[in-house]
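*Asks:* For reference, the chains in residue letters:
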Amino acid sequence: MSTQEVTTEYEPFDTDEMESLSPDTVTVTLKTFRFNAETDYLPYYKNYTMEVGKDELILDLLNRIKWEHDGSFSYRRSCRHGICGACGIKVNGKATLACKQNALELVKLFGNELLIEPQSKKRAVKDMIIDKKDFWDKHAAVKPYVVAEIDPHPEHETKQSIEEFNRFLDADLCIQCGSCHYACPVVEVNEDYLGPAAFNAAYRFTVDTRDEAGKERLEITAQPGAGVWDCVKCYECAEACPKEINPIEKITKLHNLQFEEGVARSNVATRHAEGFLRGMKKHGYLDEADIVLYSEGFLGMYKHLKTAIKMLKAGKIHWHSGVPFIQSVPKIKNHDELKKLIEISQTHTL
Amino acid sequence: MSKLHYALFTGCTARQSTPELLSSTLAVAKKLGIEITILEEASCCGASHLQDFDEFLAHVINARNICYAEKHGLTMITICNTCQLNSAMTKHALDTDPDLRARVNEKLAEVGLEYKGTSEIKHFLYALIDDYGLENIKDKVQIPLSRFNIAPFYGCHNIRPSELHHDANGGENPYAPNSLDRLIEALEGHPVDYDHKNKCCGFHVELQANHTSEVLAGNAMIDAVDNNADLMVTPCPLCHLKMDTYQDDIGKVIGRDVELPVLHMPQMVALALGCTPEEIGLKYHVQKATHLYSETA
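These protein sequence lines are chains A and B, in that order. Residue numbers for the first sequence follow my numbering, so the first one is 1 and each next one is one higher. Residue numbers for the second sequence follow my numbering, so the first one is 1 and each next one is one higher.
No lab work stands behind these hints: they were computed from the structure. Wrong hints could be hidden among the right ones.
Said to hold, decoys possible - Negatives, chain A to chain B, calculated, CB over 12 Å:
| id | residue |
| --- | --- |
| 1 | D131 |
| 2 | A140 |
| 3 | G214 |
| 4 | C234 |
| 5 | N256 |
| 6 | T270 |
| 7 | D287 |
| 8 | K331 |
Stated by the list, open to error - Label-pair restraints from in silico Cβ distances:
| id | chain 1 | residue 1 | chain 2 | residue 2 | range |
| --- | --- | --- | --- | --- | --- |
| 9 | A | L350 | B | A102 | 36 to 42 Å |
| 10 | B | K288 | A | L350 | 23 to 29 Å |
| 11 | B | D97 | A | E113 | 30 to 36 Å |
| 12 | A | K122 | B | E110 | 52 to 58 Å |
| 13 | A | G262 | B | E278 | 19 to 25 Å |
| 14 | A | Q160 | B | H72 | 42 to 48 Å |
| 15 | B | D97 | A | Q346 | 16 to 22 Å |
| 16 | B | K138 | A | Y302 | 36 to 42 Å |
| 17 | B | D193 | A | L42 | 50 to 56 Å |
| 18 | B | D97 | A | S321 | 39 to 45 Å |
| 19 | B | E185 | A | R210 | 55 to 61 Å |
Quick caveat, the model's predicted, so the values are computed rather than measured. Note that the Cβ used here is the ideal one computed from N, Cα and C, for glycine as well.
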């Protein structure tokens, strides 16, 4: 395609640029979020159409908006090597590290119109730039550093085996870009929730053999509201992480560590996790009514009475004994086998 | 096409609060000539909660379920996204970590079982689309769903983490899934396009973080309503339970009446294939859904 056919709002300004428009470029429209908190009442979207080559990154396209269309367009960028974590944005809702993401890969996923937005629209300060204060505060809250009494005159190194090091290796790759944090739906609706990046950091230092604040971190991340028990299991964080850290895997490990280290207290969330075994030991299946009763306790049950009555009325609850209110759960075949497996495989208790 | 035959892992909800899920699944399979062997030995998958308490135990339990599909030499199909995720996670863990596999098999050996890794695991939705084929489903439609705008709600655990599900879900893009949309179109319904189709319903924190749960479900439901949905359809009975049985509470928290019937994916297919009202089981819904049934187009 010749440059004359390119639908842009500018004339190409240098010959290098023209040469780079090889025949295999693709016309892409960037529907771009624009907002200046100082002057705009509401955000708006502006379209920038450009020819995009196969080697261009999303960051290159952001640069082209700024350099070729509107010098006031604002975004964070620094290392250009996927290590500083500054250029995290969302493209069509997908968390994206702009300097690491090939643009045409996203065109392949989403088509020729790409929606360019900041990680969190409600935190937008100017265009792609957001106020990340909540992210940094929550990150700091888990003490994301090794806490240890340091001998000022050590006579030997603090050695770690490869196995010990590998426990936190991938968690250590976090660049604090905020991709997972702002992909997390709980962060959006519960301002106390620490979020996947903070949990990943908590895990990373808790399992470090040099560290002495593990229990304290487990206590912090066990708190109802703020801690891991408010995770909705949506796996948005695993999908979002540009370093492939899989934060929810670390969240599961923190859950398990709370039981291993005796930090887990009996509450509605911990009983809910452990309570699955009650039904399984008795029937093989989860006992839906029992899990609510056991987790909430008798006093907490009142919240669910209305729903329970509705479910009863709709015929959702069956009495496998044939007698009302007796045996609402069927039993699996070879149930003894399952009971034995639970008995010999269970590693944690509440 | 040779006759399809699957081992069905029902999960817990299909045996308890959502009997309509099991009956409609079996009805659809019967209509399409798909043979189903129910895994009567299979237990709860732990529903992504047991693993928080005891990750190793959760692997042992899921491996046991998979063993029974392997014994039949069949692909295991699931009718719950969370069963799908937990089974697939254990399969992935055991297939890639020989040490873990050995430890799990050591336990399974005590009851005479062995995990071999020979069975695939996929959700019934993808068995219908990728194995049976949308064109073939289209041929079987008796009562087209052309009277409905249907909002597809995908449910997290079929689409994320995408790497885990990639082989089982036809490479669905977690940010722009389209399988349910395509199924709705094959049944001649009108898929509703809305932002929240791939978002979380909040079911898993219903007890400990009720507000979060209601807000997430509510955001998705009003997005569907605002885009003219007559009903919502989901492959996950947990999404269904959240959005159907708690609909009043959701409405109160978000400050708006919702009133949206939420169908299980097999119920929607059963409606179009002309299955009986008993099989479709709309009477088991808390939010009125029986009016969706029609004997004629």
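*Asks:* Now, for every hint given, state plainly whether the structure supports it.
*Replies:* Status of each hint after checking the structure:
no.	hint	verdict
1	D131	22 Å, holds
2	A140	23 Å, holds
3	G214	18 Å, holds
4	C234	4 Å, violated
5	N256	5 Å, violated
6	T270	8 Å, violated
7	D287	8 Å, violated
8	K331	10 Å, violated
9	A:L350 x B:A102: 36 to 42 Å	28 Å, violated
10	B:K288 x A:L350: 23 to 29 Å	40 Å, violated
11	B:D97 x A:E113: 30 to 36 Å	42 Å, violated
12	A:K122 x B:E110: 52 to 58 Å	53 Å, holds
13	A:G262 x B:E278: 19 to 25 Å	52 Å, violated
14	A:Q160 x B:H72: 42 to 48 Å	47 Å, holds
15	B:D97 x A:Q346: 16 to 22 Å	20 Å, holds
16	B:K138 x A:Y302: 36 to 42 Å	49 Å, violated
17	B:D193 x A:L42: 50 to 56 Å	24 Å, violated
18	B:D97 x A:S321: 39 to 45 Å	42 Å, holds
19	B:E185 x A:R210: 55 to 61 Å	57 Å, holds
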